[in-house]
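Novice: Quick note, the sequences are listed as chains A and B, same order.
Residue numbers for the first sequence follow my numbering, so the first one is -4 and each next one is one higher.
Residue numbers for the second sequence follow my numbering, so the first one is -4 and each next one is one higher.
Please keep in mind that the hints were generated in silico from the structure rather than gathered at the bench.
There could be a bad hint or two in this list.
No copy labels: a pair is met if it fits in one copy or bridges any two.
Claimed, not checked - Mimicking DSS-like on lysine-lysine, the simulated pairs with C-alpha atoms at most 25 Å apart in a straight line are: (1) Lys133 / Lys73; (2) Lys133 / Lys197; (3) Lys9 / Lys(-3); (4) Lys107 / Lys73; (5) Lys200 / Lys(-3); (6) Lys73 / Lys(-3); (7) Lys133 / Lys9; (8) Lys73 / Lys9.
Number of protein chains: 2
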Amino acid sequence: MKHFSTQDFAMLDKQYRAKLINSLSGFKSANLVGTQDALGNTNLSMVSSVFHIGADPALVGMIMRPDSVPRDTLTNIKHHGFYTINHVCRDIFQQAHQASARYGAQESEFEKVGLTPEYLDGVLAPFVAESRLKFAVKMREIMPLSINNTILVIGEICHLYCVSDAIKADGYIDIESLETVAVTGLDCYHITHRLSRLSYAKPNKPLQCLNLDGEDSAALIRSKNDPHQHS
Amino acid sequence: MKHFSTQDFAMLDKQYRAKLINSLSGFKSANLVGTQDALGNTNLSMVSSVFHIGADPALVGMIMRPDSVPRDTLTNIKHHGFYTINHVCRDIFQQAHQASARYGAQESEFEKVGLTPEYLDGVLAPFVAESRLKFAVKMREIMPLSINNTILVIGEICHLYCVSDAIKADGYIDIESLETVAVTGLDCYHITHRLSRLSYAKPNKPLQCLNLDGEDSAALIRSKNDPHQHS
């Protein structure tokens, strides 16, 4: 095993350190955040830091880094109070990555990278038409993190759109079937292969592998073989 | 496409809603958080909300939900000021999931699920010996999120341990080679298949696919065919 301490981190080349530390948290979500400015100019931003905060109300967070350059996305979110989050699927991962280039505020990343803006249900922010799972988010809190001057944006999901077949009987969404990609580090993209869904863990109870609909595979086999069931 | 609005969310069964909303953010990291209490009792907690906050200093965040039950992990973090974060690899994903069962404070999840506590470099928290990428974290901030009474824990990475071969020439860590798993929803685990690393995106410059060491694959081919190089 290779060991790095805080002192070692400090002595690393800046680019090497950024790639190393960005690899540590594990697989990250790949999302495109859509916004528009006061004039209706559209903006699209690649974000790998979207994370779940709660289900009721439905809350998501993301980390934005203001750095020293203007950040159109944050400005637009503050202006309209709405943004969209769009899953990056396999067939658009290169366009999504290109959207992270520093285009000017008057240039639309949609046009530059070849993705299609789409307006749904009166939301004041563009969706990505090519995305198979996307949702509109109402800004709820903007919390500056003084520890390193990044910004935590918390929002509430108010409209969800998803390919129907991917939504399973118990509410689980099979995003693998949508070919949603995962990100590692700053620049690597992955598709996935499911190992299993697992039953809710309880002390002193063995885990069961579940099928995609959240049913115990073994129980399912039993009920199918039992003539007294499903008669 | 299936459409849900805020009103639809409110009318869903609680369990259905939890599974649906937890699926939205995309692929999540799978990590085991190791702590110990004042008496040295070890604790292990499955967390799918660890996310990158910054590289210099090296900061990670995670969301904890206090709910109405005592949360040993948070109590222990506050007591010692240290915790460990350990990647969940394919061969231990079922044990990791079982660690989410509600064991008592005097019961060690390590023992209950069959994982091995390991102490390294004087850190006052146990690592998971079976994990191939793990790091010690010094607590920096505990921020209650008043919006839904969850807690954002921010810490600084102070020791990193990783299988050497996985660390590439430019600092990127190939966590796919470690068989680190990704999580979707509340209970589904996935291994991954790499599509590509991509070059840093710039306006008006085509993207290049990079090899695992972060080198332009095409440039690499050129230099290998050029007798004036590597002579």
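Novice: Now look at each hint and say whether the structure bears it out.
Specialist: Each hint tested on the structure:
In the homo-oligomer, the alpha carbons of Lys133 and Lys73 lie at most 25 Å apart inside one protomer (10 Å), although the nearest pairing across protomers, at 33 Å, exceeds that limit. Taking the shortest alpha-carbon separations for Lys133 and Lys197, neither the intra-copy value of 36 Å nor the inter-copy value of 30 Å comes in at or below 25 Å. Taking CA atoms no more than 25 Å apart as the test, Lys9 paired with Lys(-3) passes inside one copy only; the shortest distance there is 19 Å, against 45 Å between copies. With identical chains, the CA atoms of Lys107 and Lys73 are at most 25 Å apart within one copy only, with a shortest distance of 24 Å there and 48 Å across copies.
Proximity of Lys200 to Lys(-3) under the C-alpha cut-off of 25 Å is found in neither arrangement, the shortest distances being 37 Å within a copy and 36 Å between copies. Taking the shortest alpha-carbon separations for Lys73 and Lys(-3), neither the intra-copy value of 44 Å nor the inter-copy value of 29 Å comes in at or below 25 Å. For the identical chains of this complex, Lys133 and Lys9 are inter-copy neighbours only, at 22 Å across copies versus 36 Å inside a copy, given an alpha-carbon limit of 25 Å. In this assembly of identical chains, Lys73 and Lys9 lie within 25 Å of each other by CA distance neither inside one copy nor across copies; the values are 31 Å within and 31 Å between.
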